[in-house]
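The task is simple: from the sequences and hints, build the whole structure.
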Amino acid sequence: MAETIILEIARYSPERDTQPHFQSYEVPVHKEWVVLDALNHIKDTEDGTLTYRWSCRMGICGSCGMMVNGEPKLTCATFLTDYAHKGGKIRVEPLRYFPVVRDLVTELGDFLAKLKKVKPWLIHPNQPPLSQGEFLQTPAQVDRYKQFSMCINCTLCYAACPVVGLDPIFVGPAALALAQRYNMDSRDEGSGERIAVLAHPDGIWGCTFVGECTRVCPKHVDPAGAIQQYKLTAVLEWLKSFVMPRGPESEHVGSKSGDD
Amino acid sequence: MSEANPETIETAPRYTEFHPRWYRPQVSVYWWLGQRQYLKFILRELSSVFVALFVVMTLFQLSALKDGPEAYADFQRSLQSPLVIAVNAIGFLFIVFHAVTWFNLAPSAMPVRLGGKRVPAFLVAAPSYVMWILVSAIVSWLVLR
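Going line by line, the protein sequences match chains A and B.
Numbers 1 to 260, taken from my numbering, label the letters of the first sequence in order.
Numbers 1 to 145, taken from my numbering, label the letters of the second sequence in order.
What the hints contain is simulated information worked out from the structure, not anything from laboratory work.
Some clues are possibly wrong.
[Said to hold, decoys possible] Selected chain B positions facing chain A (Cβ under 7 Å, derived; list incomplete): (1) Trp22; (2) Arg24; (3) Gln37; (4) Phe41; (5) Ser108; (6) Ala109.
[To be verified] Here are the simulated DSS-like pairs of lysine-lysine, each with C-alpha atoms no more than 30 Å apart in a straight line: (7) A:Lys219 - A:Lys119; (8) A:Lys240 - B:Lys40; (9) A:Lys146 - A:Lys219; (10) A:Lys146 - A:Lys31; (11) A:Lys43 - A:Lys146; (12) A:Lys146 - A:Lys116; (13) A:Lys89 - A:Lys117; (14) A:Lys119 - A:Lys43; (15) A:Lys89 - A:Lys219; (16) B:Lys40 - A:Lys219; (17) A:Lys119 - B:Lys117; (18) B:Lys117 - A:Lys219; (19) A:Lys89 - A:Lys43; (20) A:Lys146 - B:Lys117; (21) A:Lys117 - A:Lys240; (22) A:Lys119 - A:Lys146; (23) A:Lys117 - A:Lys219; (24) B:Lys40 - A:Lys231; (25) A:Lys43 - A:Lys31; (26) A:Lys231 - B:Lys117; (27) A:Lys89 - B:Lys40.
Backbone N, C-alpha and C fix where the C-beta goes; we use that ideal spot for every residue, glycine too.
This is the structure in structure tokens:
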């Protein structure tokens, strides 16, 4: 008989409940099982009403983020054995600070709206015709933004950030890091368009550098670093506006210019 | 808008971006007590109060110095009260915590690149520590010689 472990899972039915409650399930502990496997086991064999998001099972899609014993985790990368040895139970809750739609499913509309606000795409008004060939980048130029481009929008960083909980209009770690990903890209010319959203009390200045976003990030994106680095850029731009108040509107606000 | 019948306002279907059936968790006032990292963050922020306290105390010290040897002797006597010693001892611990936590955060805010490669974090933090030790050594030498 295999060893078992108790999963305490937050349940919330919008039709019946006013607030979530916990329901316990006993699942076998297999060496290769992650929390997501346990949830699938419960849904398949015990309780088909259990609702949660998942897709790829391999840390790429960013769908299966949940609070595991109070810590934001990708459940596809959180092994049962890490908890079984401590003799503990595993408490699975929906990601913190997000509205809950049902059981472990959070509502992402607010996050997606914030993401869109920072224009996380290449802005290239003077795009040359395709016939002139592709945009070339050196390995060093790719290296500038590659780390920030690893984000999978799993929103673990939002569940880790107390500012997100206390100040719901804060743009948040992932969106700010992705803005910086495009600011740092040598092909992008949109940093002037992004600065109004980024250098704003609800943007980078909302961040108090708790650093939890970076600690929980499963892809090592370091959103906290991206935000602090942009703070320096924003201050320099602000100083520049004093030195050259009548100067041309800055088009290249991102830190990619000048420090290569 | 003209006067509206309150009854129609109450019953008319209204658009809301807040879905009535989503559960919206409230953040507790004591959110920072629940997790070690959050507590560490709050202590780090709180440490600036003690930094400010040391600055104010130094200003008082300078003012006493300006007022002559007697005023300065009075100031030194006031520092010997157990309460001031206790506040200073706690303040010292907080200031060490303040310095260490901020020095350690510097590499994250300042990605230094040399020859296209990012300099390891500990090498970015190291100059702060070296300067700290150096300045402390100079101050100790001035005070203790």
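Right, here's what the structure says about each hint:
Because the smallest distance between the Cβ of B:Trp22 and any Cβ of chain A comes to about 4 Å, under 7 Å, the interface hint for this residue holds. At about 5 Å, the closest approach between the beta carbon of B:Arg24 and any beta carbon in chain A falls short of 7 Å, and the interface hint on this residue holds. Hint status for B:Gln37 relative to chain A: holds, with the closest Cβ pair at about 6 Å, below 7 Å. The closest approach between the C-beta of B:Phe41 and any C-beta of chain A is roughly 5 Å, which is under the 7 Å cut-off, so the hint is satisfied.
Because the beta carbon of B:Ser108 sits about 4 Å from the nearest beta carbon in chain A, less than 7 Å, this interface hint is met. Interface hint at B:Ala109: satisfied, since its Cβ lies 3 Å from the closest Cβ of chain A, which is below the 7 Å cut-off. For the given pair, A:Lys219 sits about 21 Å from A:Lys119 by alpha-carbon distance, which is consistent with the 30 Å threshold. At most 30 Å may separate the alpha-carbon atoms for a hinted pair to count; A:Lys240 and B:Lys40 exceed this at roughly 36 Å.
Using a Cα cut-off of 30 Å, the hinted pair A:Lys146 and A:Lys219 holds, with the two alpha carbons roughly 11 Å apart. Only pairs whose Cα atoms come within 30 Å are accepted, and A:Lys146 paired with A:Lys31 is rejected, the gap being roughly 34 Å. Between A:Lys43 and A:Lys146 the CA atoms are separated by roughly 38 Å; this puts the pair beyond 30 Å, and the hint is violated. Between the alpha carbons of A:Lys146 and A:Lys116 the distance comes to roughly 20 Å, so the proposed pair stays at or under 30 Å and holds.
Between A:Lys89 and A:Lys117 the alpha-carbon distance is near 40 Å, which puts this suggested pair outside the 30 Å criterion. A threshold of 30 Å between alpha carbons decides the hint, and for A:Lys119 with A:Lys43 the separation of about 38 Å lies outside it, so the pair is violated. For the hint pairing A:Lys89 with A:Lys219, the CA-to-CA distance comes to about 26 Å; that is within 30 Å, so the pair holds. Between B:Lys40 and A:Lys219 the alpha-carbon distance is near 24 Å, which keeps this suggested pair within the 30 Å criterion.
A threshold of 30 Å between alpha carbons decides the hint, and for A:Lys119 with B:Lys117 the separation of about 28 Å falls inside it, so the pair holds. At roughly 20 Å between alpha-carbon atoms, B:Lys117 and A:Lys219 fall within 30 Å of each other, so this suggested pair holds. Only pairs whose Cα atoms come within 30 Å are accepted, and A:Lys89 paired with A:Lys43 is accepted, the gap being roughly 19 Å. For the proposed pair A:Lys146 and B:Lys117, the alpha carbon gap of about 13 Å is at most 30 Å, so the pair holds.
For the suggested pair A:Lys117 and A:Lys240, the alpha carbons sit about 25 Å apart, so the restraint of at most 30 Å is met. Straight-line distance between C-alpha atoms of A:Lys119 and A:Lys146 comes to about 17 Å, which keeps the hinted pair within the 30 Å bound. The hinted pair formed by A:Lys117 and A:Lys219 meets the criterion: a straight-line CA distance of about 23 Å does not exceed 30 Å. A C-alpha spacing of about 23 Å is found between B:Lys40 and A:Lys231, which places the hinted pair at or below 30 Å, so the restraint holds.
This hinted pair checks out: A:Lys43 and A:Lys31 have alpha carbons roughly 20 Å apart, not beyond 30 Å. For the hint linking A:Lys231 to B:Lys117, the alpha-carbon distance of about 22 Å falls within 30 Å, and the restraint holds. For the suggested pair A:Lys89 and B:Lys40, the alpha carbons sit about 26 Å apart, so the restraint of at most 30 Å is met.
The structure is inconsistent with the numbered hints 8, 10, 11, 13, 14, although it conforms to all the rest.
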